[in-house]
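S.K.: Protein sequence lines correspond, in order, to chains A and B.
Using the working numbering, you'd call the opening residue of the first sequence number 1 and step up by one each time.
Using the working numbering, you'd call the opening residue of the second sequence number 1 and step up by one each time.
By construction, these hints were calculated from the structure, which means they are not laboratory data.
Quick reminder that beta carbons are idealized off the backbone N, C-alpha and C, glycines included.
Below are the BS3-like pairs computed for lysine-lysine, each with C-alpha atoms no more than 25 angstroms apart in a straight line:
{"id": "1", "chain 1": "A", "residue 1": "K253", "chain 2": "B", "residue 2": "K483"}
{"id": "2", "chain 1": "B", "residue 1": "K345", "chain 2": "A", "residue 2": "K12"}
{"id": "3", "chain 1": "B", "residue 1": "K363", "chain 2": "B", "residue 2": "K386"}
{"id": "4", "chain 1": "B", "residue 1": "K483", "chain 2": "A", "residue 2": "K283"}
{"id": "5", "chain 1": "B", "residue 1": "K189", "chain 2": "B", "residue 2": "K237"}
{"id": "6", "chain 1": "B", "residue 1": "K291", "chain 2": "A", "residue 2": "K174"}
{"id": "7", "chain 1": "A", "residue 1": "K301", "chain 2": "B", "residue 2": "K475"}
{"id": "8", "chain 1": "A", "residue 1": "K12", "chain 2": "B", "residue 2": "K363"}
{"id": "9", "chain 1": "B", "residue 1": "K389", "chain 2": "A", "residue 2": "K301"}
{"id": "10", "chain 1": "B", "residue 1": "K345", "chain 2": "A", "residue 2": "K9"}
{"id": "11", "chain 1": "B", "residue 1": "K290", "chain 2": "A", "residue 2": "K37"}
{"id": "12", "chain 1": "A", "residue 1": "K154", "chain 2": "B", "residue 2": "K162"}
{"id": "13", "chain 1": "B", "residue 1": "K345", "chain 2": "A", "residue 2": "K22"}
Not the full set, but computed from the structure, chain B residues with beta-carbon under 10 angstroms of chain A:
{"id": "14", "residue": "G17"}
{"id": "15", "residue": "V69"}
{"id": "16", "residue": "L116"}
{"id": "17", "residue": "Y183"}
{"id": "18", "residue": "E352"}
{"id": "19", "residue": "L435"}
{"id": "20", "residue": "A472"}
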Amino acid sequence: MSYISLSDKDKKEMLARIGVAKVDDLFCCIPEAVRLKRPLDLPAAQSEIELVRTIEAIGRKNAGVGLLSFLGGGAYEHFIPTVVDYLSSRGEFVSPYTPYQPEVSQGTLQIMFEFQTLICQLTGLDIANASLYDGSTGTAEAVLMAQRVTGRNKVVIARSLHPQYREVVRTYIKNLGVDAVEVGYGPDGRIDRDALGRLLDDAAAAVVYQSPNFFGVIEDIQALSEAAHARKALSVAVVAEAVSLGLLEAPGKLGADIVTGEAQSLGIPVSFGGPYLGFMACKKEFLRQMPGRITGQTVDKDGRRGFVLTLSTREQHIRRERATSNICTNQALCALRATIFMETLGKQGLRELAWQNARKAAYAADRLGAVPGVKKRLTGPVFNEFAIELARPWPAVDAALEARGIVGGFGLGAAYPELGNAVLVAVTELRTKGEIDRLALALQEVLS
Amino acid sequence: MIKEIREPLIFEISEAGKRAAELPPLDVPERKGLLAGVPLRSELEGFPEVSETEITRHFTRLSQKNYCVDLGLYPLGSCTMKYNPKVNERLSAHPAFAGSHPLAPVELIQGNLEVLKTLEGFLCEIAGMDAFTLQPVAGAHGELTGMMLIRAALEARGDARKHVLIPDSAHGTNPSSAHICGYTVKEIKSNENGTIDLASLEQAMDGEVAALMVTNPNTLGVFESDICRIAEIIHAKGGFVYMDGANMNALTGIVRPGDMGVDVMHINLHKTFSTPHGGGGPGSGPVGVKKELIPFLPVPIIVEKAGRYALDFNRPRSIGRVRAYFGNFSVIVRALCYILTLGPKGIREIAEFAVLNANYVRKSLEGEFHLKYATPSMHECVFSDKFQKEFGVTNLDIAKRLIDFGMHPPTMSFPLIVHGALMIEPTETESRRDLDMFIDAMKTIAKEAKENPEILHAAPHVTYVSRLDEVAAAKFPVLRWEKKA
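Chain B on its own, in the form it takes in the complex (with noise of 0.2 angstroms):
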């Protein structure tokens, strides 16, 4: 019923003189000639008028036409949907986190600094690294703060060198990240296997590649067997090796970067440790290196002495900060809150439950879908549109079609090795329950594809609106409201 009440924009419902907020009388004597000659506006054009009854109503009912992770199975591969718990939020904003000013001296924030602190050895040893920072807000800001430390140890060396090699499987991140670090992107191809072709990687690899850019597992779900060799290959000729940690809910207590290779690295918070995704942020992306790259990262380090913390400015290799201040520090509260909720074994269980919940998904629908890749899945499975394109079926119309029962499409746009790929990752928290829903949706869809195509090409049919023209909105782009004339 309330998916038929079409929610205008706020700006279309405004009226003059309403309002959702008073403000105490001014409670100082006023200034005379204050801001004389200074620009000022006459009013704020085009600003809504409503009252708090229509804010509330406004966007609770734009909140009902969202789909999420509270709701039911987010399978969307290479981004760890997983339950965000509720306590989480509540400390992270608890007032003496939430009220804390980032620029109060150290005395008066030792508490936050306790916080990161924790947080950066509780990274440390989940990932074999040996130290964090915790400043990126994002995966892609984590690779760009590593191929910048990278290039700085380099550079340290007398030589910044000019390539990093990305194989064709990577997130499109990667290349963009090494690309404004000033690197040139050479693409390593993958094997029949999946995974990085040795013969061409040892051919790639010179005295000119500053670095290997790795997602272990892969975008495939496939895990890299040959880190161990790859990462020799990487050493020999003096590069080093960055593992891009999206995937690192399959691998949490069972094995750890650092031992297998790894000399940079980035962890998204929002992902492996349960941060909230938040409609596209805020994220957290802290990146681990090993000894030698410490001298090089971003300022200011968090040092501890006899239980009191300070800041460590004086780093005169590092690069620099990458953003202001200390990072998404309510972001950071809520994985050190998750860490401290699981312990070692719950740690470890991530990885466990997240790779038996996509083993069981690829295992039911194996047959139903195209699997391009025999090699064993690690957390994610990627199917293709292969055997629907038959019938004249998408992984497009597929994904549409899953809305219509309940439930969010899995990841399509990548991996670019997979045509028509359908990359499901449902993640530990997972019941049986919703995952014998989706299991029985994917069926039932692959029958319908057969028997009744028009059904997937007419999909969503129950939601808000129905399939959207995308073409449309990039040839002429509305991109803001405006009074009519």
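One chain only, chain A, in its complex shape (with noise of 0.2 angstroms):
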């Protein structure tokens, strides 16, 4: 199967207007030696109906679908409307390219001018752009915004940001002389503000930090904000779970400068872990230094509203290598799902959405709490996330659980080994108590 819509005939004519015999002539500034003279090493084409059974097939090696799953750490089973889908499947969204010409890119620019304001309205801040790749990646580039706004070149990060953002921050900051200290994590999960106080220092560009942090432990955004102040520092707040926005106080309201992070949550399935939404809010006054696409508001010539990307003197296309990022291509398609999630939830919904995510995770705390062998181990208040201890090590307790159908959480030992056998266990709004009960009952066959 091919998509080409030309005929034989088509394909002579064209030939004849151009003035060649043959396809082949149109390649003649390829080198000889260099072409390729074999047909490609690859499977022999397939139809529709192959093509879906291939497909299919290799999905049905998935083990880990349909089973009862806890596990969250930056990516989250949330429930999805079908409005969701069913809109931004329209080949209206789907298959154009960023809006070039605004006159005939109104809906999808109109659609950024909202998904804006929806995260301006989250976040608590002044401006929004129209996304990033996700949230690690929108983590680095708040780092390295950080440093072009105050000049330093230090940066003080919690270890309990999500392992592989740090790991992403590593390897954007490395060639760009930006040294990065890591601040630990106290007893109940938050950061340890002493150790903090030490590292923080006049050279500092931000200290950047994670609530609800990886373990779930909601930080106290306000008194970080105010250290990193005290110094002239930034304060730089990820947020991996979105829809803790719905309940929790919004980071810019309690001093953050920079809020990024990672909109999943809102509308996007879990896929494997991409494409996701990266998003990322800021005060006024760091316009300028901030990344990616910025839709704005004006007016036609005939004084009617419209909207247009705007602000594009930061970007690559224009600035070239002094740009604020590299960044083109953005998740324009991601955002609009967000747009879509957000505004059919709405004001009402969102919120009694995040309430019910805290009041199950909270049930589920207590009912694992209780079960004989698993301990809380991080004591700060959590969101729908939260860290328990077993007594027998996780990888044997993991394929028992999954020998149950159950995908218990994610075992933290490997990123954090001072944590040995804990495990980070998420709840969402999708999980009935009935599942929350069958995970004690199967732990508790486990560790008995």
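Dock the two chains into a complex; use the hints.
M.R.: Here you go:
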């Protein structure tokens, strides 16, 4: 099967108009010596019927599908209203590119403007961009932005920030003369404020922390921001579970200067890690240093309201090597999904959704905590995820739970050796009381 | 008729008490004093309250204010706006993939790892490279990853070097990506054919240069015929050749970058491999490398033993992760579906018909529009507004007038070496009928430019909004809706 729309007759006539005998002649400028002289070694073409069989057969090898899952750690299974899939599948949204021609892109542009507004409302900050790749690269971009804003070259990064986000930040800053120092956490799972005090100095561009952090624990954003500001450093809050913002006070209202993170929770399937949706909001004085596309409101020549991509002098296609970031394409379709999701849930719905997460997680923490051999590990307040410690090694418990059709959580020991047998358990609104009880019973069996 | 409906912002139609989603009642007992002492919101201030009907109308109406590939020709040069096969949408959204968690243990994600490993292998074969990483999620992200790999390899040899050479015809992301990797950029001038000037290149290349970033075919749609000699010049002084694969659509099955001296490259799955552009993402920018650079690839690497897949994190020389998890996985599934559908012959036909269509457009418009470089075109052709400028008409006017004819305009913002550029990339999936409609429209516009330039200055005439004031948007930024005081 091919997607070519020309007949043999078309092809012949077109070659005649061009004035060449055969298609091969059009490739005359490619040196003969390097041309591929054999067919590519790829499987034979498949019809749609065969393709569906092939791909579904590969899909069946994902043994995890259909199991009862309590995995989180930056990727969350949430309710996705049917309108999100339905509306976002429209060809008018799926098949255009970046709205370079605003007169024929008002749909995408108005939606980006609504997205930016919603992100500002969620984060409590003045301005937001139209998306970034994901939470991990968003965090790296925030670090580079803090360096540009402050002219300082050191960042203090919380150990309780998603381990993969920290790895990405390290990869990005390695060649740019930025030093990252790590600040640990206390027994409550929150940032160790004494250690932070020692690490924060006048060379620090920012304190970068996640809340709720990787252990699900809600940080004291106000105190962290005050500590940063006392040294004229920026307070950079990372949010990996965007649903939490339906309930928790907006980080911007608590002193955060930049809020970045992952909005996968807002209408995007877990989909093995991508595509996801990075977002970034900041105070308006940092506007010129913000990376990524931004949509602005304007008028057309007849005085009607319209929207355009704006402030592109920050961007690579104008400023080339002096741009704020090399980002060109962002995640527009994911931002569209999140916009439909947020507007569908609305003012009441998103709040209720967030409360159900918190209440179910609290029930699960209490229920699992009562199982012999299970201990709550970090004592700080949590949103929809929490760490427990097991009396037996996690890999064996994990396997035994899987045999009972349950993925019980994410073992923390590999990324945090100091937490030994701790496991991160996420409970969203999709988990029922019956399912939580099932996990508790299974753990009881496995640990006894 | 529908165009006449002015669709307000959702915030402007919101009314207290409406809703479009309900949750089941809470089924767990409530813990008393939950989150006591944690600062909570009193409400989601400003969030809209609307019904599901209103949501559906809002987004359906907004969708109709977009132009898209499903509607017609979208000849945006260097963006490869080809048709997006629908079965790939369905399969990438299959619950076996969409419901699969990135932190699940490897024994539960064998299918996903097979998808990744299989596509890596296909891309190696198509590009002639030794290994691919699928972690980068956009072309620019791939460029950055590629430059980091080069830097790591040079550091391992003892010297990271200082500069990166980039031709003046390059896409803007190239210099920016090199800069973020800690390199200064040296521009290489093009010659009268629009290709890299070998004498300038030889002069610029020395032991301080880490790499050349070359797009081939370049942004003029011209193949760098001296590519092998170019690679020799770079390699002789210990540098690497990076190829921006944005224009790979001209080469599939015809020639492989790995066979012409390229050491590192990225491929845009959302261009060459038909995954949708989504109004500006998500994309995917896998990076291919030659053997020497394999030790530096991002972690984890997928390894296969006797049909079982595992993740290898123990890669001490790796540059580290460039993104959390495994890249834009569902985009990767679509690209895999595309290659399986096309097979070896179909993959070669991509390039054959892309180049045929571009040359057909070029031949049909030669004489009507100025062609700065007479060098043969590959998958795109770059005209300019030089002839029309005589009548005070610019490429912007031409672009906006094309919209009236029901087509998307070409790229205008680059290449920087062609003033008033009209960079046209029809892609292989266009029909003769659509190509001819475009050619006729362009010819009519060329005529109008002479006879009635006013109609061009005032274009577009038939859109939801007329020409927008972009200067005012940047000068007085309004970047969000706010409740009227």
